[in-house]
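Top line first, the protein sequences correspond to chains A and P. The first sequence finishes on residue 586 if you use my numbering, and the numbering steps up by one all the way, no holes. The second sequence finishes on residue 189 if you use my numbering, and the numbering steps up by one all the way, no holes.
If you are wondering where the hints come from, they were derived from the structure by calculation, not from laboratory data. Don't take each hint at face value.
Each pair of labels, with its calculated beta carbon distance range [stated by the list, open to error]: (1) P:K40 <-> A:E533: 29 to 35 Å; (2) A:A208 <-> P:A78: 29 to 35 Å; (3) P:K40 <-> A:T435: 37 to 43 Å; (4) A:E319 <-> P:G168: 30 to 36 Å; (5) P:G168 <-> A:K542: 52 to 58 Å.
Ideal Cβ placement from N, Cα and C applies to all residues, glycine included.
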Amino acid sequence: MSATAPLTLGHFHGGIHMPDHKAESTTQPVAAVKIPPQLILPLQQHIGAPAKAVVSAGEHVLKGQLIAAASGRVSAPIHAPTSGVISAIEDHLVPHSSGLSARCIIIDTDGRDEWAELPPPIDDFTSADNAVLIERIRESGIVGLGGATFPSSIKMEARNNSIDTLIINAAECEPYITCDDMLMREQADQIVSGIRIIQHILGAKRCLIGIEDNKPEAIKSMSAAVAAASLQHTDVVTVPTLYPSGGERQLTLLLTGKEVPSHGIPANIGIVCQNVGTVYAIADAVLKGRPLISRIVTITGEGVAQPQNVYSLIGTSAGELVSQAGGYTGKANQLICGGPMMGYSMPTDEVPVTKGVNCLLVASEQDCPPPEPATACIRCGKCAEACPAQLLPQQLYWHSRSRNFDKAQDYHLFDCIECGCCSHVCPSHIQLVHYYRFAKTQIWSKEKEKIKADHARQRHEARVARLERIAAERKARMRKKKAVLKSKKGGGDSAKKAVIAAAVKRAAAKKSAAMAATDSNQSATE
Amino acid sequence: MIIAIVTIAALATLFGLLLGYAAMRFHVEGDPIADQIDKLLPQTQCGQCGHPGCRPYANAIANGEDDINRCAPGGEATIIALADLLGRDPVPMDEGIDEKAPSVALIIEKECIGCTLCIQACPVDAILGAAKQMHTVIERECTGCELCLPPCPVECIVMIPIEEGIGNWIWPYPDNDHRDLSLSREAL
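All chains, full assembly: derive it from the sequences and hints.
Here it is in structure tokens:
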């Protein structure tokens with residue numbers, strides 16, 4: 061089995077080519093960041109239910125200590141990234157496209173970086189029980205680090221050995237972002253250990269590592285690590301650079317030729333896809349017992365002095381990281397969380413880095429020119445040519461714009477991966493993806509309202525039924541009581557009458573007896 | 002002549018029987034139109050429409066006794082949905098009805114005297130408590146109908162508007178004059 065198999069099996073529709081801007085941030089090795097004075101840890105850093113804080117303000121915590129527990133199956137715990145004192149649990153700005161605040165645990169660090177007692181390493185994972193390994197991944201708070209932040213343990217759960225292929229997503233197709241590239245250059249061995257752990261848990265026979273061909277050094281280092289570990293049926297596959305080849309569905313199609321069904325997940329066709337950063341974190345959790353408390357973040361763009369990648373503690377503010385990278389330059393215009401295609405701009409640099417933040421792009425006006433005013437759609441169809449999900453972006457646009465959400469869903473709105481290719485190619489500069497996001501959140505909110513209304517109807521009906529039942533029961537009781545009273549009353553009357561009648565009878569009898577006696581006496585005396 | 006009359010009469014009898022049988026065989030319990038209308042109403046049971054709950058209002062609309070523009074919590078979206086269902090033209094909200102932001106009731110527990118009047122008023126059993134014991138609103142179940150406000154003798158119930166958070170945030174409708182996304186100089 062060769063370590064590299066350069067051929068891909070499929071190709072996806074559309075996609076776009078654009079300058080990748082990756083060289084700027086890959087000139088120096090990943091730097092360690094000094095511990096910032098304060099860490100801000102949002103309770104919601106993953107898809108699912110927010111974690112529940114298990115510490116309170118004033119408490120001293122150690123590095124790696126659990127500070128918020130998972131609340132439910134689809135949720136993830138959060139650990140202290142360094143030692144310090146919890147200064148508050150309060151609302152703070154979080155990285156989110158809304159620019160709103162959410163509940164965060166705030167740690168004033170003490171600089172000692174003292175470790176808590178960690179769970180023991182599981183060195184011999186091949187003989188460990190799957191449940192133990194999955195539980196370790198779960199309790200280490202590991203979520204998809206590619207940006208989706210879905211709790212990783214759920215993807216690992218038993219599917220009756222139906223998984224035959226593990227795909228490692230290392231395509232990193234979005235311009236500017238290089239954190240996965242640097243991770244593969246520097247930590248290929250640990251990534252390979254992570255792959256072995258995941259493959260062992262899933263029972264996947266084959267593993268495909270998909271890397272875009274603009275990362276030759278990462279490809280070389282990963283191929284060498286795979287060869288050194290003499291992994292069976294594991295291939296590093298070079299995929300052509302074409303945005304968005306790193307989309308889960310697009311990469312699956314590229315590597316296997318199989319299409320993930322609409323509304324489905326890769327597991328439906330026997331595939332599990334994990335981001336390369338997640339794989340590294342899983343190896344950390346299993347082999348070292350370390351929870352997810354740091355990640356590599358790319359700090360780049362013309363607005364930052366020394367573009368580079370850093371090992372950032374989760375919760376470090378964006379401003380802190382930018383100052384580590386030499387601070388802002390005069391060209392800084394926008395601070396974008398993520399890349400230029402799918403990222404969102406942040407109102408201030410006080411926003412913390414969370415588990416899902418892979419890049420901070422301090423963009424100049426050249427990096428991200430301000431959007432030109434939108435003009436009318438001319439039905440050119442370029443968006444449909446570029447759409448990697450083979451949708452009809454124009455139709456989605458019309459229906460979302462006119463708030464005709466049912467129709468938008470008929471055109472498979474929820475198969476849109478919001479990659480931004482359609483907006484990028486639109487000659488009328490229409491912010492198409494904004495319309496889709498608007499429509500999606502509207503539909504979700506309507507669905508939630510409907511569930512709430514159904515629930516309220518149920519409760520109201522139950523209440524009305526209960527009140528009716530109680531009223532009926534009371535009526536029945538009253539009727540019964542009345543009947544008893546009546547019968548008692550009626551019975552009493554007749555009894556009394558009988559008694560009286562009997563008394564009258566007795567008296568009459570007595571009288572007649574007395575009369576008879578006097579009569580006989582009289583007759584005797586006569 | 003007689004043949005024609007007999008034929009027509011026979012056909013009329015036959016179809017009459019057929020219709021009579023169909024009416025019995027395919028009889029629908031309840032009022033399907035009122036059911037469909039009820040499904041579109043927000044089920045707050047607030048009575049702002051002048052009917053004692055959503056179902057009675059749905060019945061009134063179905064019977065043509067009331068207009069479709071009297072549901073305050075539902076707002077414009079409900080009017081449009083009802084107009085769509087009933088094949089009518091949407092009309093603006095009735096003037097006597099004012100739309101409010103969604104909110105939930107909160108009992109100021111220090112002031113509550115435990116009279117149970119609000120518990121009896123709540124249409125969805127969202128208030129918990131007992132006589133001479135403090136009451137509380139189960140926030141998750143509260144529909145924000147405000148029916149508990151008037152009976153409270155000490156006015157210890159207040160309506161709290163539901164805050165916008167990350168969980169219920171809706172992407173704003175895109176406009177052509179783009180938001181200014183640039184960082185202010187002070188922020189840098």
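52 to 58 Å as the expected CB spacing between K542 of chain A and G168 of chain P, which holds or is violated: Holds: the Cβ-Cβ distance is about 56 Å, inside 52 to 58 Å.
Taking the CB of K40 of chain P and the CB of E533 of chain A, does the distance hold inside 29 to 35 Å? Taking Cβ atoms as reference, K40 of chain P and E533 of chain A lie about 31 Å apart, which means the hint holds.
Range hint 29 to 35 Å (beta carbons of A208 of chain A and A78 of chain P) holds or violated: Distance hint for A208 of chain A, A78 of chain P holds at roughly 31 Å.
Assuming the hint says 37 to 43 Å, is it satisfied by the Cβ distance from K40 of chain P to T435 of chain A or not? At roughly 41 Å between Cβ atoms, T435 of chain A and K40 of chain P fall inside 37 to 43 Å, so the hint holds.
Beta-carbon spacing of E319 of chain A to G168 of chain P - inside the hinted bounds 30 to 36 Å or not: Given a distance of about 32 Å, which is inside 30 to 36 Å, the answer is holds.
When the structure is compared with the earlier hints, no violation turns up for any of them.
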